[in-house]
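Visitor: Sequence:
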Amino acid sequence: MDTTIDDDNAALGTLAHAANVDTVIVSDLHLGSAMSRSKQLTELLRQVTYKRLILNGDVFDDLNFKRLSHDDWEFLSFIRASTNERLAHELVWVIGNHDGGAPEILTHLLGIHIHEEYVWQHGGQIFLAIHGHQFDAFVSDHTRVVDIAIWAYSVWQKLDPKHRASRLVRQASRQSKRWMRRSDKVANEASAHGKATYGAHVVTCGHTHHAMDVMIDGVRYLNSGSWTDKPSTYIIIDHDGDIAVHTCL
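Taking this note's numbering, the leading residue of the sequence shown gets 3, the next gets one more, and so forth.
If you are wondering where the hints come from, they were derived from the structure by calculation, not from laboratory data.
Every residue gets a Cβ at the ideal spot worked out from N, C-alpha and C, and that includes glycine.
Please note that a few of the clues may not be correct.
[Stated by the list, open to error] Cross-link-like lysine to aspartate or glutamate pairs, in silico, EDC-like; alpha carbons within 16 Å at most:
(1) Lys187 to Asp215
(2) Lys41 to Glu92
(3) Lys53 to Asp244
(4) Lys197 to Asp244
(5) Lys53 to Asp242
(6) Lys197 to Asp242
(7) Lys197 to Glu119
(8) Lys197 to Asp219
(9) Lys53 to Asp219
(10) Lys53 to Asp24
(11) Lys53 to Glu92
[Claimed, not checked] Here are the simulated distance ranges between beta carbons:
(12) His115 to Asn66: 22 to 28 Å
(13) Phe80 to Ile107: 15 to 21 Å
(14) Trp75 to Gln49: 25 to 31 Å
(15) Val50 to Gly125: 16 to 22 Å
Put together the whole structure using the sequences plus the hints.
Guide: See the structure below:
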């Protein structure tokens with residue numbers, strides 16, 4: 003299997019096919035940004051019965067909570083309520099580069115523990131969830147450039163509510179050799195880390211905003227893409243251990 007998910011051409015996963023699942027994995031919500039689609043995610047999760055929800059990094063755009071919208075707070079309230087011990091599912095938060103700096107604040111706010119990386123077993127396979135920024139040297143070496151690029155993209159998204167122009171930007175960037183090298187680097191290094199450290203059969207990341215499903219040296223690597231894009235992408239693992247990247251308009 004060697005698949006890159008194209009936002010415009012991906013077959014849309016339907017809730018009828020995923021109404022009762024083992025695990026939902028979503029990343030890069032960027033709550034507080036103009037790109038946030040928290041309302042759509044809350045609606046999706048209310049319609050799906052799941053055993054485990056993994057927020058795989060960059061749940062917040064930054065830790066300026068004044069930027070959070072009403073929909074963002076509604077999503078956080080939904081997440082906090084879902085940590086109720088009487089409910090039959092598990093909530094896992096894996097830290098991303100935008101979430102960093104105050105994990106204890108996030109733990110207090112939502113009542114959940116923050117993980118650097120999360121390992122679990124299902125269907126005879128070992129899974130690893132890690133955001134992926136750990137394998138992207140550009141982010142750590144060029145923080146100012148990254149911040150400016152993120153700000154510019156958020157402004158563009160706000161001026162382009164239907165995301166038509168910004169989708170063209172994403173497509174152009176994803177065809178660039180430099181961007182593909184970064185995305186492939188994260189995929190290769192995350193897969194190698196998961197295999198060497200945990201004997202993982204499946205590794206899932208976010209960070210790159212590029213949904214992927216590929217085999218790398220015996221490890222299945224999936225990237226959940228980004229919830230800020232239209233359509234948004236996320237990962238479903240069913241009760242039999244079958245895995246797929248889904249999209250949500």
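Visitor: Please go over all the hints and tell whether each is borne out by the structure.
Guide: Tested hints:
1. This hinted pair checks out: Lys187 and Asp215 have alpha carbons roughly 14 Å apart, not beyond 16 Å.
2. Using a Cα cut-off of 16 Å, the hinted pair Lys41 and Glu92 is violated, with the two alpha carbons roughly 21 Å apart.
3. Distance check on the hinted pair: Lys53 and Asp244 sit about 15 Å apart at the alpha-carbon level, within 16 Å; holds.
4. Restraint check for Lys197 and Asp244: the C-alpha separation of about 19 Å exceeds 16 Å, so the hint is violated.
5. For a cut-off of 16 Å, the pair hint linking Lys53 to Asp242 stands: about 13 Å separates their Cα positions.
6. For a cut-off of 16 Å, the pair hint linking Lys197 to Asp242 is broken: about 22 Å separates their Cα positions.
7. Our distance criterion of 16 Å between C-alpha atoms is met by Lys197 and Glu119, whose separation comes to about 14 Å.
8. Our distance criterion of 16 Å between C-alpha atoms is met by Lys197 and Asp219, whose separation comes to about 9 Å.
9. A threshold of 16 Å between alpha carbons decides the hint, and for Lys53 with Asp219 the separation of about 29 Å lies outside it, so the pair is violated.
10. This hinted pair checks out: Lys53 and Asp24 have alpha carbons roughly 5 Å apart, not beyond 16 Å.
11. At most 16 Å may separate the alpha-carbon atoms for a hinted pair to count; Lys53 and Glu92 meet this at roughly 6 Å.
12. For the hinted restraint 22 to 28 Å between His115 and Asn66, the CB-CB distance of approximately 23 Å keeps it satisfied.
13. Our hint of 15 to 21 Å for Phe80 and Ile107 holds, since their Cβ atoms are close to 19 Å apart.
14. Restraint check, Trp75 to Gln49: a C-beta distance of roughly 20 Å breaks the suggested window 25 to 31 Å.
15. As the Cβ distance of Val50 to Gly125 is approximately 19 Å, the hint placing it in 16 to 22 Å holds.
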